[in-house]
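Number of protein chains: 2
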Amino acid sequence: MTQLTVNDFKQLYQPLLSKYDKQRQFSSFTDVGELPPELQRHKTPVWLANGQPFESLFPIQEIDLQIRENPGSLIDETPISGKYSTTKIQMYEPKGSSKLGLSDALQYSDTKGHTQLLNITKQIISRISKPKYDEWDTVITCGSSDGLSKICKMLLDEDSTLLVEEFTYPNILPWLNYAGGSIVQVKLNVTPDPSKQGIDPEAMSELLENWSDHHPNENKPKALYTIATGHNPTGLTQSLEVREKIYNICCKHNIIIIEDDPYGYLQMTPYDSKDPMANPYATGDISVDDYVSKILSPSYLTLDTEGRVLRCETFSKVAAPGLRLGFVTGNAYLISKVKTLNDISTRFASGASQAILVNMLVDMGAKYQAEHKSAPAIDGWIDWCMKIASEYTNRRNHLFKCVHEQPAFKEKKFELIEPSCGMFVTVVVNLKPEWKKTSIKRAMDYLYCLLLEEGCFAVLGYKMTVDEKFSMERSNFLRCTISKANDPKVFELGAQRLNKAVERLFSEYGVNEKFTLGKNGFKK
Amino acid sequence: MTQLTVNDFKQLYQPLLSKYDKQRQFSSFTDVGELPPELQRHKTPVWLANGQPFESLFPIQEIDLQIRENPGSLIDETPISGKYSTTKIQMYEPKGSSKLGLSDALQYSDTKGHTQLLNITKQIISRISKPKYDEWDTVITCGSSDGLSKICKMLLDEDSTLLVEEFTYPNILPWLNYAGGSIVQVKLNVTPDPSKQGIDPEAMSELLENWSDHHPNENKPKALYTIATGHNPTGLTQSLEVREKIYNICCKHNIIIIEDDPYGYLQMTPYDSKDPMANPYATGDISVDDYVSKILSPSYLTLDTEGRVLRCETFSKVAAPGLRLGFVTGNAYLISKVKTLNDISTRFASGASQAILVNMLVDMGAKYQAEHKSAPAIDGWIDWCMKIASEYTNRRNHLFKCVHEQPAFKEKKFELIEPSCGMFVTVVVNLKPEWKKTSIKRAMDYLYCLLLEEGCFAVLGYKMTVDEKFSMERSNFLRCTISKANDPKVFELGAQRLNKAVERLFSEYGVNEKFTLGKNGFKK
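Residue numbers (the UniProt record's numbering), protein chains in the order written: chain X, 1 to 524; chain W, 1 to 524.
Since the hints were derived computationally from the structure, they do not count as laboratory data. Take these hints with a grain of salt, some might be off.
Because identical chains share one entry, a pair is satisfied inside a single copy or across any pair of copies.
For lysine-lysine, the following DSS-like pairs were computed, each having C-alpha atoms within a straight-line distance of at most 25 Å [unchecked claim]:
no. : residue 1 : residue 2
1   : Lys43     : Lys294
2   : Lys413    : Lys387
3   : Lys519    : Lys187
4   : Lys112    : Lys412
5   : Lys523    : Lys43
6   : Lys524    : Lys252
7   : Lys112    : Lys484
8   : Lys122    : Lys519
9   : Lys484    : Lys95
10  : Lys112    : Lys463
11  : Lys99     : Lys88
12  : Lys387    : Lys220
13  : Lys10     : Lys519
14  : Lys274    : Lys401
15  : Lys373    : Lys122
16  : Lys484    : Lys187
17  : Lys220    : Lys469
18  : Lys489    : Lys412
19  : Lys43     : Lys500
20  : Lys245    : Lys132
21  : Lys130    : Lys294
22  : Lys99     : Lys484
23  : Lys95     : Lys252
24  : Lys19     : Lys112
25  : Lys132    : Lys469
26  : Lys245    : Lys441
Since this is a predicted model, take the numbers as computed values, not measurements.
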């Protein structure tokens, strides 16, 4: 553990903030200056200052939530489960309650988030991703998109550079554009070898050491944006060893690490082609402690001695995207800057969403503790995360099993990269060398047309690159999701149609093309 | 009605957009280029593209809302009402339903807002504030703060100017700072004469006609930010005649009108000192039609032939702030630009909040229609707005009655400006001329200390100015809210304490001062 204070963080990271930071101050118009020492405040003042509506004017006086005992399974006949419990959001909660009442939830509130939800986020971080310093903090955002766009705003100006993995979640580009600044990509190792997956530390180090040779017109990067676990789109996960190397490189070059981790809790167990439907989660072979200490990948936060990491989590993947709730964890100085950006834009995340999440998680915790006396309350939520991870393992199993049965797969016309976690599977198409020589994009676009005819929507790999040209030679893949299916038949049909499309590619492309495509595929 | 098209609006208003507009494009990575004409799309494709979690993985499968039949009253013994009905948010709604099911509400969704809520906003505008052109549209925001900060982002650069009323909601300043740009204030007529209240059109016209004399270093303003109805902090409302003048001035100088209207629906009936508790709402003397056509002040939208007005509404004051839901109405071109700012930052407002609001309003509409056969569904919501306006009228009556009984009020040491609507009452302190000569701020700060000792929180008027110096001579007032009280005693005590503080001011100030204050009052 290091003993850095908020002031130390200010010294370290203020130089990396956007030049607009100073004018992004927020002070309430109800704050006055220094009060005279003689003043004796009344002990029971009446409130005629800020315009908060009294809670009896809210049209809602109670909310009851039907909470599923278990997430649905792909093989359910109906997506509505019979087993559920009811969680109440009542108007008032006793003082100090871990739950949130409507009188607070529906009112104006602290822009950092409600205390009850902040407490939960701190329990999550303490249990799973505790930093190696004490002065860390969390702030609630209106989902990770909001948090990440605010982090970009906090750090970047038009002359700032952000380092990004060459394949990435493409929305980082508009967030960056919103902030100003430019992007430089870092090479990924897209490999089945778990010890080498993800950012190539040697390439990154070389890039930074010889920055002005590579990028004579760009400032050195202020931050690295990385999806280290269950990377989108490739599904890959950086090993602890890779993370340690990257972390040290970032320390050396004074780079903030923005760790976007939407998928980390959706950790799958390895696929066994001999027992395709095996799922150690479902058989109860994995305890919450195992999940936390052995299954989940360690966050960059757990390596962080310098307050250099900003970890972005979301409740979208394990609870629900429509809640629009996420949180950022980092050193208290930078977190206060994210809060300031809340102050001057969105104010605070939906209190209705916060109350739904808080009260649901508190009840999950109480239920779990009733069966596991010594467990911390947050384990109720982690148990739910495991159930979701289990269902994603099931879904992965279904898709993999179906794909493994396809002739074009057996003939190695295409293959799968096994994701360690997340919602996505990478389907690598083994294009013929002569197709690669002309245009990988054109061949993949042709395949996309075939997929539309055969009836299968997937995402083209090159659409998820920072720079199509730089990454095209590694873009002969499709990203397929396992999240949306409502029936195992979706995977059966999906695999068959994928197979048919690939077979057609190999028989039609360059020989007897059905589609008129330009030299480089689709026109933009 | 004018027949302007989206393209006309583009011609008119693109020149007023921020220079960053072009780089704020958003396109989904699942969009590909132009598809070949030969392609025959499969009619029942399977979905392996975007990562939307299947709805049976959401932990919530139903939400039941207890909806009050009537808002609470100040004289209720308990803020929880006995009379309520239950509104369900079920997992699935039939196609075309006006309600929102959880399968959609908890999912990723359109960044413009859910269709069901957009439909409601269009019903509100069509019923109450219909523009004089057809191609208007609405977009959902995460509350008005979010909407207004996005409008600032959409329009303003560092060299842009925003015109603002000299007294205003002070958070406009951080929104503006977030966007860049500078502020120029326009003089207000703070007068009891309803025909003259609000922005002084002559002063505004003179300012713009002789811009370079007044502001040689600022560009001409792109937009005017105005709280035209129930202005914050003064409670004043611009007459239709004043609005017409302002609108014409804005047309002449090509200025966009940003109409922030959080309080418009909280319209009070005039106070009658002979019958202090009179409330025509409560006695049923006002129909929904009366309220819409006679009581509510007309939005700038209703004058708008050129698509020049962006009206910001919020559900915070009449439903609940914690929902974080607002909407912007304006011409379809500018609304599409607000949507783009959603795309690249917050994405979409809480779906849980949207579902709560939509399903509640749909049920309110159905109930109202059961009793009023020919009424449109939205009248159920308008009826609720009237009930809230009625309660604010009650609250205003209570405070006014208590204040009118105070000796210092009778002696004209202070007076009240009657608000036409909203949550705030302006208490003007009739400072002695010799105090005004030295420092109005110091005298008001002294009064603030006395209020703290006597036990009454209010907001200092000068804290709600754009430029303290410019407006100080009109800043001898306090802003008091009527919204937060939970009991009539709050107003009784508040009035007594206000009285005592003012009496003490007149006996202590400059004579035998208890508090050590600098020459200009509080230090910052």
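Hints numbered earlier in the text: which of these fail when held up against the supplied structure? 1, 2, 3, 4, 6, 8, 12, 13, 16, 23, 25, 26
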